[in-house]
Every structure is written in C-alpha cells, then in structure tokens.
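Undergrad: Read top to bottom, the protein sequences are chains U and A.
Heads up: the first sequence runs through residues 750 to 1043, numbered per this note's numbering.
Heads up: the second sequence runs through residues 22 to 437, numbered per this note's numbering.
Because the hints were derived from the structure by calculation, they are not lab data.
Just to be clear, a hint being listed does not mean it is correct.
What the simulated footprint calls covered on chain A by chain U, stretch by stretch (three residues with Cβ under 8 Å from a Cβ of chain U suffice, anywhere in the stretch; the number is not a length) [claimed, not checked]:
| hint | segment |
| --- | --- |
| 1 | 99-113 |
| 2 | 263-269 |
| 3 | 282-292 |
| 4 | 310-320 |
Positions of the beta carbon are idealized from the N, C-alpha and C atoms, including for glycine.
Here is what each chain is made of, one letter per residue.
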Amino acid sequence: MNMSLIISQLINGLQSGSVYALIALGYSMVYGIIMLLNFAHGDIIMVGAYVAWLAMVNFALNPILAIILAIAACVLLGVVIEKVAYTPLRSSPRISLLITAIGVSFLLQNLAQLVFGAGSQRVPAMISGPSLTIAGQYVSFTAMITIVISVVSMLLLTLLVQKSKMGKAMRAVSEDMGAAQLMGISVNRTISFTFAVGSALAGIGSVLYCCAYPQASPTMGSMLGIKAFIAAVLGGIGSIPGAMIGGFCIGLAEAIISAVGLSVWKDGVVFAILIIVLVFKPTGILGKTMTEKV
Amino acid sequence: MKKFLSIALILVLMLGVFAACGNSAKDTEDENNVPNNEAVGDLPDEGNETVSGDTIKIGMIGCHTGDYAQYGLGVKNGATLYIDELNANGGINGKQVEIVAYDNKGNNQEAITAFNRAVDEGITALIGDVLTGNTIAVVGEAYPLNLPMITPSATAATVTYDDETDTVYGNVFRTCFIDPFQGEKMAEYASEVLSAKTAAILFETGNDYSVGLKDAFVAKCAELDVEIVSQEGYATGDKDFKSQLTTISSKNPDVLFCPNYYEDDGLIITQAREVGFKGIVLGGDGMSGVTGYASSEVLEGTLYVSGYAPGSTDAVKAFEAAYTEKYGAETLNMFAATAYDAAIVMCNALAVAEEAGLEAGTDEYKQAVIDAIRDNSAELECITSSGYAFDEYNNPVKDAVIMKVEDGEEVFVEIF
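Next up, chain U with everything else stripped away, as it sits in the complex (with noise of 0.2 Å):
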C-alpha cells in the first residue's frame, strides 16, 4: 500500500470518525449530567436526515435553512424528550430511566418507520464544492467540511463548558447536583440546556452524515448510536475531549479495517473494541475513576 492511498484512507476515517465524536458528545454530556446512557440519542439523527429531506424534498427548502431547520428540530426533540420522559422519572432507579431512553428509541423508530415508510429516503445533497487535489491527494469537498465542521463545534463546546456560566453550572450539576442546587443552580434548566446542546451536535452530526451518505432511513440511527456510545466509552464516557478522541478512533479503525480488506469484519472489531475496553480500562482512554459515594 503506497503513501498516498493510506493518507486517503485516513482521511476516510476521519470523515466518519468526526460524525462518532459529534454524536459520542452528546452521549458523554447527557451521561456526565445524570447518569443516564440516552439510547435515544442515534434516533434523534434519523429525525434530524427526515427533518433535512422533508424539508428540500416536499417544501422545495434552500438548503442552507434546510440544516437550520434540521438541527432546530433535533434541539427540540432532545428537549422534549428529557421534558417528558426523563424528567418525570430522575428520582427513580437509574435502570428504570436506561428502560425508558431504549423504548423512546424504539419508538421514534417505528414512528419514522410509520410516517415515512420502511425504504430510505434519498436526501438531496445539501452542501456542495470543488474537491481538492492536496499535494497530489485527492480529498472532497465533504470529506474536508465534515472534518472542519466538527473540529469547529468541539472547539465551541469546549469553550462553552470551560468559560461560560452555563458551562460552570452545567459542570457544578454533574459534579454533584444537590451542592449545586444549594449554590442556587437551576437543576432543570441546566439539565434542559445540556440535552439541548447535545441535540444540537447530533443535528450538525445528522447533516453531516446526510452530506456523505445520502439516504434517511427509519432505522440509521441505531448503527450509528451504538457505535458512537463505543466511542463515547473508549474515550471515557463523561468526559468531552474523551469523546472526541475515541470518535476519531473508531472512525479510524473502521477505515484501516476496510482498506486492509477485512470491512466484512468491521462492526465485529468495532464491537470487540467496546468489550477490551469495558475488560481492561471501564473508565475509557480519558476517563477519571469515581469513588461511590455512599
């Protein structure tokens, strides 16, 4: 294998490996808040690829205000989803809560599946530009805004969790909510906020994956969820920069795996991934080791 084509190969894992990261965030915030591994989280971008070609499909939408649009509703579907079935039961058993994230995925699914048909959908391309020839490397246009996209938003995230107030609260509520609350924090709010966030990234991450694979289907988010949350665990589920470490990891493994001719083989050492890890390191590459508190 020459030069050129592993620097290809590499920028294949990139690509897929900045959709991980931008999905594994959300997982990584919303677990790092309340404990809670959203299994609906993957579904919200099948609703966010739905959102994106109803609206340039049926309402003939620029494309422009059709990512707009696509990102809103994953905002608000997360937010209403935390609203109405999280929030009701944050008291309850943390399986209890786990149950309820797993049949709000399966019921986004079938609902896709009723109001949309069980085919996919062709989504029309929404962001379009010259490939580039670097140094004699052919990379596309979607390859490299996919990859400047999510850096971007880490790089907001990051940001908005280290210097602004919400960001504070929003580490003071994971750190421990009932001090927190003490010290005059809005819990619900605050919770609210970061499910928000976290939403928004899984829109971004749904326009994104729209851009390389351009079909919606009711049942695309559950692949991808699941794998993002390996991502989020191999980089240490609850920790930011973990997730977009262990993003980029998979996407990567998955591409080397593929290119040395073994891409049968890809979800099984993904998957083989999530078992050493959980074997050998449970806290993940960046994780910290929790003490119970009793």
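With chain U held as given, fit chain A onto it using these hints.
TA: Chain A in isolation, oriented as in the chain U frame:
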C-alpha cells in the same frame, strides 16, 4: 348472539369450501365444449370443435388466483396469445393446439394435483409452473415422466438441477435467465462493447444474489482476459463504503461492477464518485430503481443488465400492443413476455416431433420434443431474445437488455 355467531361461522366455512371447489375447476372448456370465458374463450371456434385426436394438448399450470396472480395470469395470457396466433395460422402441422390450463393458487400440493390432472387429460408438454416453489414441486412429478416442460419465470438454479444428487432435470427448461447469468452478460458487455481491460467488484458478502453475480462475472472476465484488479466485499447493512472504494479507485479500473440492490448501489455510486472514481459503474437487475437513491450527476452513464424492458424493441412493442388489446395492461409484465417466448420454443419443438411422425405421448415423442427444445431453438425469433440456446444445466443462454442512467432516467440502450 352466540348461536348467530356460530351459524355465521359455519356459513363462512361452507363458502370457503365452495370457493375452493370452484377454483380447482379446470380453467379451460369442459368436454361439452362450453367455452369458459375466463380462460380460452377467445380461441377461434375451430379450436373448440376439433376432435381431441387432432389436437396437441399443452398444459399450463400457474397461480391464476391469489397473491401472485399477476405473474400467473401474465404467463398464461402471454403463452395463450402466441398459441392463439399459431392456431389462427393453421396450428402445428395442421393440428390445432389445445390449452389445458389449471390454477394451482400458488400452492405446491395444488400444483402437483393440477399437474396430474393435466397429464390424465393427455398433455404432451407443459408451459409452467410459475412460482419457483411450485415449479420445483411439479418438476418432481414431471421428471419421472420425462414430460417436456418450460417455465417462463422460475429463476432458482434448483429448478433444473439438483446439486445434492448432481442430476440435471433434462426435461425442464426455462426462458427467463437465472440471476448469475447477468454477471456473465455484464462481463461480456464490459469487454466487447466498453472495451474494458480492468475491472473491480464491490459486492455484499452475505447475499446469494450478489455473490452469484460476482462469481459469474469473475469467471467470464477470466475467459475474456479482463483483469479483476480488486474484489471488495461489504456486510449487509453497511452504509460506508469509502475505504473499499478508495482501495478500488487507487487501482483505477475501467469498470466497477456492483451486483447489489438499488439502495446500496445508490450509496456506493455516490461514494465512489466522492473518492474520485472516474470509470463506468455496472450492475445487475437489482440496480433497477437506483435513480431514486442517488443524484443524477453521480449516476450518469451507469449501466445495468436486465431481462426485459417495456417498450424496448419493435418486437416487444408489438407484443405489448397485442397483449394489452386482448387482456389489458394489468398483468403485462416481464413473465408475460418470457411466457410468449416459452410458447414459441415449445410449439417449435412440438412441430419437430410431429413432422418426424411420432405418436403423441410416447417416450420417443417426448424425447424428440426435449431434444428439439435444446437443439432447435437457437434460430427462433422470440421477443426477449433472438433465439435460445441452453447450457449443460438447461439454463438459457439468451439476450439481455442493457439499461443506462441518463439525466436521472433509466433508459433502454440495446439488446445484447
């Protein structure tokens, strides 16, 4: 209320029984020459009045009612259309052809019953069955009798060949091609028409259709000196093919063969263009409908092979006009056309046996018909193919239709 319910239930059951009796009734006219308008009521009067000794009886079994009636009726009507034309022109050697049609309702047991009944009525050949499962059931009965039969629609390899005992059912032929044959055709087309020297393949590993087409394509390419530079697989449900396509694209093949279904192919072609693949993308009939799953720019120039294209050639247009006039367009499908061809092939073979002066129903007669189907069909002017040849498994070597995507439309290119 309960009593009412049980009476109602009994009535429904009884209705079912009557309906079943009604359905298994013979489709053709009975001995009293009362024409049954559903089946061959359109036969010329002479057809009904000839004494049975002077007619050649061809059986037609298929699912004329039920879920797959579209196929069954298409086959029956398509074959009947040709036989009616033939009878109007004097029949075979002066003898009229009589159709003995039975409905099997898509049921294997019914298919066997129908077949045995048709044999009792003295059929000398069979056009059918229609569905693959039914056909396999009928073959089990027809093979011991060595009764010549042509199915226009059963595509499974096991219809003519039992791989467990390595037996080819010599009496069974078909006029539709089996799936892997498309791979062969596409390899020939790539080599002869597109002058391709190198090819790559991206196929779904767990899918018999995909693997069958791929194997046939590879075998034919080896014969034609087309080099396969890369063979990549993917698992069912995959959406990301960029890594495989990057590898393929780096080898710069003239053509990329994608023997998959349209949804996957849509994604594959989009991503192939994204990683910079410039060659021509080829596919099998599974690619039909791909225009709904990728943009017209990336699809432009994509080719796929198919068995039949409506309105393609003059012969097909003439057939479609005649069919629609007589039976309407509802059941007009690919299998109506292959059934028309099956009738041509069968009647031609029957004519050979008749001319040899053999007596209908004898072993020599049946064998003569079988031999004639195999050996005398290559020059026949049929509608889906100019002639039929059969390979060692009795699968047809025939023409295919090449389709091309132009401006987001799947258009007919040529018969190849």
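Undergrad: It remains to establish, for every hint, whether it holds in the given structure.
TA: Verification of the supplied hints:
no.	hint	verdict
1	99-113	violated (count 0)
2	263-269	holds (count 5)
3	282-292	holds (count 5)
4	310-320	holds (count 4)
The structure does not agree with numbered hint 1 stated previously, though it agrees with all others.
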